[in-house]
Structure formats: structure tokens, C-alpha cells
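There are 2 protein chains.
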Amino acid sequence: MTTAPVLPPEVSRADFEQALGELRGVVGPAWVFHEETRLLGYQDHFAILEQSLRAPSAAVAPAGVEEIQRVLAIARNRRIPLWVVSTGRNLAYGAAAPRKSGCIVLDLKRMNRILEVNEKHAYAVVEPGVSYFDLYNHLQKIGSKLWIDCAAPGWGGVMGNLMDRGVGYTPYGEHFMWQCGMQVVLADGTVVETGMGGQPGSAAAHTYRYGRGPWVDGMFTQANFGIATRLGVQLMPEPPGYRPYLVTFPEEDDVGQVTDILRPLKLNLLIPNAAVTVELNLEASVAVSRAQYFSGEGPLPDSVRRKIMADLNVGMWNFYGALYGPERVMDNNWKVIEESFAQVKGARFFFEKDRAGEPAFGYRAKLMRGIPNMTEFGILNWMPNGAHVGFSPMAAVDGRTALAQYHLARDLAHKYGFDYTGEYIVGWRDMHHVFVIFYSRDNADQKKRVYELMNAMIDDAAARGYGEYRTHLDFMDRIAGTYNWNDGALMRVNQRIKDALDPLGILAPGKSGIWPAALRGTRQP
Amino acid sequence: MTTAPVLPPEVSRADFEQALGELRGVVGPAWVFHEETRLLGYQDHFAILEQSLRAPSAAVAPAGVEEIQRVLAIARNRRIPLWVVSTGRNLAYGAAAPRKSGCIVLDLKRMNRILEVNEKHAYAVVEPGVSYFDLYNHLQKIGSKLWIDCAAPGWGGVMGNLMDRGVGYTPYGEHFMWQCGMQVVLADGTVVETGMGGQPGSAAAHTYRYGRGPWVDGMFTQANFGIATRLGVQLMPEPPGYRPYLVTFPEEDDVGQVTDILRPLKLNLLIPNAAVTVELNLEASVAVSRAQYFSGEGPLPDSVRRKIMADLNVGMWNFYGALYGPERVMDNNWKVIEESFAQVKGARFFFEKDRAGEPAFGYRAKLMRGIPNMTEFGILNWMPNGAHVGFSPMAAVDGRTALAQYHLARDLAHKYGFDYTGEYIVGWRDMHHVFVIFYSRDNADQKKRVYELMNAMIDDAAARGYGEYRTHLDFMDRIAGTYNWNDGALMRVNQRIKDALDPLGILAPGKSGIWPAALRGTRQP
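Protein chains in written order, with the numbering used here: chain A, 1 to 525; chain B, 1001 to 1525.
There could be a bad hint or two in this list.
[Stated by the list, open to error] Below, in silico cross-link-like pairs of lysine-lysine (DSBU-like), each with a Cα-Cα straight-line distance of 30 angstroms or less:
#1 145/A - 366/A
#2 1335/B - 145/A
#3 1307/B - 120/A
#4 353/A - 366/A
[Claimed, not checked] To spell it out: a stretch of chain B is covered by chain A in this simulated footprint if at least three of its residues, at any positions, have a beta carbon under 8 angstroms from a beta carbon of chain A; those stretches are:
#5 1055–1061
#6 1117–1126
#7 1282–1295
#8 1388–1396
#9 1475–1485
Note that these hints are calculated values from the structure, not bench results.
We put the CB at the ideal spot given by N, CA and C, even for glycine.
Sequences and hints are given; from them, build the entire structure.
Written out as C-alpha cells, the structure reads:
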């Protein structure tokens, strides 16, 4: 076993070894990782830049809050920054790798208890290590009638995704909206219960989220101000009926009209779930591989895309939604939905029976009722040795915007030699546009082009008022830089909070572009 | 005209006069108030303690952000604390009076522009001075199909209520849930746009609330970390149908069963709006006066309450809800609702036609579709020279809890010689219990007892895990003190943010129990 060559910034090898010894004393030798092979799991598997830029010096996995407090004491004492991950499995955004090389990864995977399932009030209380699979399986086991809302890959963490403000596909798709009650450990070791939980023995800790006084929970999301160690998440009661459906549209530019039709249906909750408009390549990628259709360089030619469309009996855009409720409410809503989408020339309508056995419909039908699965990982077979990174600008639910963002992403992707592969997820008034760039892990030229493409898209999008809601490690600073209204006033608020709550800057330096005071002003690699 | 006798803390009369001169230079002489008569509007009209404890030294009304920045510069320079109010009309919680005597009230009433109404995406952007009446009338004038959600008194401020996390009665009743995009001026004058607005020219500033990085908006609610000067508020599209209804229940303890029946109806959105279960006295108070029925001391005897119930054809508890949507969805939902509540012995059902001309039904029917009105102010005629203060613990939507809170409040109220007068507002999983104590403004003995009753209720409630979500100035510290998990860890977070964002402590000292560093540790009168 070779010790990892990376050290924490400004820490000597000898001091580092001592720190590892202290950490072993806290969590036990089995839960401190520093051999190169053991640290592979903390790499950015799909790294675009050099992996050495995002290399941890070690990882430590505490069993609970008290061990976290002791790990923090060591980190403060030795000024070793910690990069905190829950399950660390969001491969499109950097997985478990730290933004800054040399951080020790604080891996919360061992804290994987489901502390409560409250059937009556429809919520659960979970620790960071609980995956969607864990929670779903537990609910099945106890015969619960509660649904979860999961991200597309079911191995993701309930808490990690929520704290990163991720989305799913049921009516509870905006994950952060359903958080209620949070436990946070600050850099100095102080344990904080937020909301009603601030009152000992509260009877409403997980049924009313705002508590009394400033509501700070949002401040801890996508942030590095504390370590969230537990949270309440509200769950959807099983409705009396469920009918997933698919509407396909034949033309690339249909996404504009589809989005405009969607807006009032969403605003009025005729479509209650976080529904998706999926572009052809993404739709196809779970069923076939790119190589089956095309072996050339550059983006798929239109003729090939038409062929895929015909073979799979899908559209250039594919809208997945679902009806929930009693039969007559579903009948009522479907009538309006069908009439609305029928305005698009060539729209075709499918229910579950029409798409039996098809993987795309199958996993979408699962996602819209909160059954975690890994089907979407089929996209990794779209290209050999496939990797991907997400570009995720927000949009209003507006046809012109949807079309403009699609054109922007597609045209730039083509210019850099990539396909457009993406979807629009409509929550309520918001639309998450997720463009996933596929590239080959072992192709340096492609990776160089991905990096350039991402930067170009970030800048072009910002110039038009489209901001990303979330990003991969490599682009945190650049995207933060586009949120620069009034000379970055919002970032300056974040920095002041950072300095107040973590004056030594030991928690996740660089997360969301927020650096400790000592590292500000110079560009971090 | 007599100059107000109160000075800002540790400021001499001469310095104060100079400060007033500077303020006049900023906002114009007409918008600086310091004569005793002109300051009457900034009193706590329903003061329980001595009014001198909550007396402003002056008030200043800026016309916009730039004037606010200049006022802040004066306040910082002279260390004069500012108490910030939007419309300052929440009479139950202290109106426009400052928590600490001597503050200058920063009155934002002149900033009363409706900056945008977006019919397509269903939101408005308002300034602090915009009342519910203002917004509603504007929407009517422009022929908008959007509904607002208003607090019971229509003169209240859209922004002030939302920033205080108040509630209304439509499906958009949890006001803060619908906030999207905030502009805040910090104590140092920095103007911050939150959420997507942090990006210049954002196309999603008022359609996606969370933006990128830490979401700080919640932190500015019920807080004194900055001055909110503008916000986006999402509005409900007019549904295709609306049917308000009333269900009456004959017995005091029915509130338990009613609440348990309500829970699944709310969780499953068969009752989509923030519906209320109103106790007899509150229900009666908009139609009749207490003196018509009883002239004795102490709480209303049961026989009198039965008489009022019969005369007004109402219940001991009265549930107001509404159906929204297409006819057949409303029909479907009503069937379930009726069957459910019919389980309560003696339940009776009424629609609008059954209660024509009755003020209680009339104003509830308006509130549940967002038509502001002042009918509930009839409660001020319940007692001669009537005043009231609110006690507002949160509860889970649970019969045992509802009953326990009712018994606790009622029994303590009776012990101190007052009626129980209240309602439960059920949002989704949360229940706001609002108990309004009525007393006479000119009765010192009653006021003394109100104060003791409030303190007893706060402590008794806390001992059982019931915390208040909002309160009158006089009880902010005591209630903050009940949120003392881990030695007040949450308050310590608030204090660190306060020190970071307002190191001189000039913004609203004491708001929500958060004091500037210099005033901590000693009990403030």
C-alpha cells in the first residue's frame, strides 16, 4: 500500500502522519483511509481537468456527531481543511472529490440510520448516509404507504441531494421544499437544531419547518457553513391512483411550444409532478448505444437521429408526466392535458400498456412514483468509456427561453464536437434545464474541449440572464463569478457568514465558490 | 408641537437634534417625525406594559433605497438604532412600535410601488409599503386573473407579513413559501439581490427562488440582519371554480376529532387551502358584542356560550374550507370531505347560499379567495375599548395536540379571568394555533393579568414542546428563551450572523430576541 502523495496545504508529511494517528484514535484505524488505492473512491471519476487538482490527502468516516466534533477539533488544531460528503455519488458534479487538493474527505456514509418514519404526519428523519434505495427499501419493509422522491440514480443520498438542492420527478420533486428540521455541526463543534427543533422536546420539529426567528436552514444548503448531520424530509402519501404517461413530439423546435403549453398546466397543478421534457439522445441512451448508429466524429447527423427516433418509436422531445389521485380527478385532468398537447403537430400519446417492457418508459414510470432505480446509468454505455458532466441553467417555464437555451447549448455543443443530450424538469414556476455532456474518460482532446465548451456555455448563458443552479467542482468559481450583481454583494454576504461561522476556514474551502478569507482574491486551481 | 421626550440610548438631546437635521436633509422635513403627536402612529396602541418602554424617539420615512442608504450612514455615524417597519399595522404583535425605547422608526410606507405584475408566470414584485388592498385593487384594475393571499386585516402589508412569516387562508396561505427573489439593504448600505437575482439581468429572478450557493432569504425573515426593500411574491392563478363552505361542530372538545379528520384531507390536498377551525367566541365577535350577552366579570359562562351558538346558528368550533377547481374535481373532493366530517356527532354543513348576508361566512369566503377586507376588526367591538394580543404556538395536525393546546390556553385564560378566543389554521403538515386575548385598553388590572397569563402560557407550552412561531414585542425575549436547545445554539448562530452583518448593532435591536453584542447578557426592559 502506497500512502497518497498529496498533503493538506501547508502541512508537513510528519504533521500529517500525526494527524492521521489522531484521527485513527477517534474513528478507529479502519475508518481512516490514506493509501492511494483506498482513496480511489474519493476521486472525481469523470475528471475533466487533472485528477491531481481534486485529490484528497485522506478520508475519514466518523460514526456519529460526537466523532465529528473530535475530528473537527483535530482539523482546527492542525488547520487541515475537510471536504464533507454524504454519499458522494453525484458523478456529474464531482462525486466525492474535494474542490481543493489536499483536503481530508469527511465521509458521512457510516451515519446511515433512518431515525424515524412518521406515517401519520408523512415524514422521515434521516442521516447523511441514507440512500434512496435504503429509504425506499425500509418503507417497503415496514409496509409504509409513503412515497419518496428520488433523483434518477437510486444510489444517491436523500440528504446529500437535498442539501445540494437537487430535484426528482414526483409532486415532491423540489427536494429542499420538503426539508423540515435540520441538525448541523458548526466548525467549532457546536451542534445546532434548526426550526422548531431549537426548542427542547418540540412537538413540531418535523411538521413545521420555519420555527421562530431567522430561518437559517437554506443558508446551510450548497454551502460550507456547517455539517448537516440529520434532517427531516416530508414524504408524499400514496395517492389513490397513479397513471404515468408519455407524449412524444417530432421536431427539435417543438420544445418551445411544449413548454408554453406546459406552463398553465403546471401553474394550475393539472400536472402535479416535476415532469420532464426529454430530448431524443437522452431518451435513447438508456435503450441503445451511440455506436449502434454512428461511428463518425462529431455530433449525430440529423438523418441518424431520425432513424433512432423511428426505431425507438419516440420523439425529438418526449414529455413524461403522471396523473395522481382518484379516477375521476385523473380523468378530468387527462382530458385537459391531452387537448392541450394535441395542439402540437404530430404529438402522440402513450400510457404504460403502450410501452410495456421499454426501459425508458419503465424507469420514468418508476421515478414519477419514487421507486429508485439505476436505469439512467445506461447512459454511460451511450459512448465507450463514457463520462459526463452536467450544465444546469435555470429557466422560467417559457417557450422562448426553453428554445433559446436549447439552441445555445446545442449549437455550442456542436461547435465543440459534442451532442446535445438533455432534459427540462419543470417543478412549478421553475424549469431546471440539465444538459449532460458525454465524453470519453480516456480522451484528453475531448476533455479539453468539454472544459472549453462548459466555460463558453457558462459565459454565454450568463450574458443572456441564464444562471446555473448547481455545478461540477471545476466550474464553481466561474459560475459564482456570474452571480456578480453589485460587485458580488450576495457573495460578500456569504463570505461574511463564512468568516463568522468558520473563521479558520476548515470546512469545504471553495464549495459554491466560497473560500476562506486567506484564499480569497487569488484564483485557486 | 412638543418634541418627544424620548432620546435614542446614549445620545444627547443636542446630538439627537443634529441627527434629525441630517435626516431632514435626506428625506425632506415632511418625512421626519419627532413631535409627540406625530409619533402617536408609532405607538403600540394595545400596549400591555408601559408605552414608554416601546416609545420611538422619532420616525423617518425614506422614499427609496438610496435614501435608506443615507439614513443608515447617519445611524451608523451616530450609533442610533433603527426599528424597521413596512406598514406597521399588526396590532396584535406591537404595530409600529420599537422593541427598545428610543429607536428611530424607519418607516418604509412611502416605498409602495407595485413594480411588476407578471400574469404569465403568476407573480408580483412589491415594495414594503404595498398593502393587501393596494395589490388587490391594482390587480382588479388591470383585469388580472391572479389571486392574492391576504392576512385577515386587509390593510396589512404584503411584504411585512411575509417577512414576519404570517399566514393567510387560500392555498397560498403560507406566505413565505411563495416568496421568490428579495432585495435587502445591509446595515453598511450594501444592496443585495438574493436568489437568481444575484446574477445581473437574470431571466428567472422571480420564478426560481433558490438561486445558486447558500440560500439566505429565510435568514432575513423575522430577523434584524438587513432591511428588505423589495420582493417577488408568487400569486395563485384563478381556478375554474370556487366553493367556500362551513362545517359546524357542537362541542368544545370536538376540535380534537375535527383535527384528526382534517389531517389526511390536508396531506392529500383534498382541502387545498389554509383552512381554519374557529372557536365560538372568535366566530361570534364579528357579528355581536360580548356585552349583548354578558356583563359580569370573568369568562363567559357555558350557558351564555350555548345561547350565542344557537342565536348565530354556529358551532363551538366552525371549520371554514373551500373547494377549488373544475366542477367535477370539486364534486369529488366534497364527497370525501363531507363523509369525513360527518363522523363528528352533530356536524352540520353549509355553503354560501345557506349563510347569505352573514358577516362571518361572508368575510371568510372572501379571505379564502384572497379578497382583503377589514371585517375581522369587528372583534375590537367584542369588548368596549377592546385591545388584543396574540399567543401563537405551533402544533402538528393532530387531535390530541389540538385539544391539549386548547385546554392549556382555555384553562389558563379562565384562571386569569379571560375568555379563550382563537382558531387553528392548518397549512399542510403544520397548524398555527392563534389564541387572541381580549382586554380593555384602559384597565390596568386586566393588562397586568394579560401579561402574567402570556408568560404562564409561554412557559407551560414550552414545557410540553409547543413553541410560538411569532409574537408581540413584549414576549420576544421570553419566547426566544424557550428555544434553548444546547444552550441556545440556534440563537448563538443568529448572534454570530448579527455581528457579521450589523457589527454596530443599529438594525432593530431585540427583534426576535436578537440583540447587538453590547446589549446581550442583561435583561432589556
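Tested hints:
Taking the CA atoms of residue 145/A and residue 366/A, the gap is about 16 angstroms. The hint holds against a cut of 30 angstroms. Using a Cα cut-off of 30 angstroms, the hinted pair residue 1335/B and residue 145/A holds, with the two alpha carbons roughly 23 angstroms apart. Our distance criterion of 30 angstroms between C-alpha atoms is broken by residue 1307/B and residue 120/A, whose separation comes to about 37 angstroms. Distance hint between residue 353/A and residue 366/A is fulfilled; the C-alpha atoms sit about 14 angstroms from each other, no more than 30 angstroms.
Residue count for the segment 1055–1061 of chain B with a Cβ under 8 angstroms from a Cβ of chain A: 0. That is fewer than the three needed, and the coverage hint is violated. Residues of the segment 1117–1126 of chain B with a Cβ under 8 angstroms from some Cβ of chain A number 4, which satisfies the need for three, so the listed coverage holds. Here's how the segment 1282–1295 of chain B fares: 0 of its residues keep a CB closer than 8 angstroms to some CB of chain A, so the rule of at least three is not met and the hint is violated. Counting residues of the segment 1388–1396 of chain B whose CB lies closer than 8 angstroms to any CB of chain A gives 3, which reaches the minimum of 3, so the coverage claim holds.
Given as covered by chain A, the segment 1475–1485 of chain B passes the check, having 6 residues with a CB less than 8 angstroms from a CB of that chain where 3 are the minimum.
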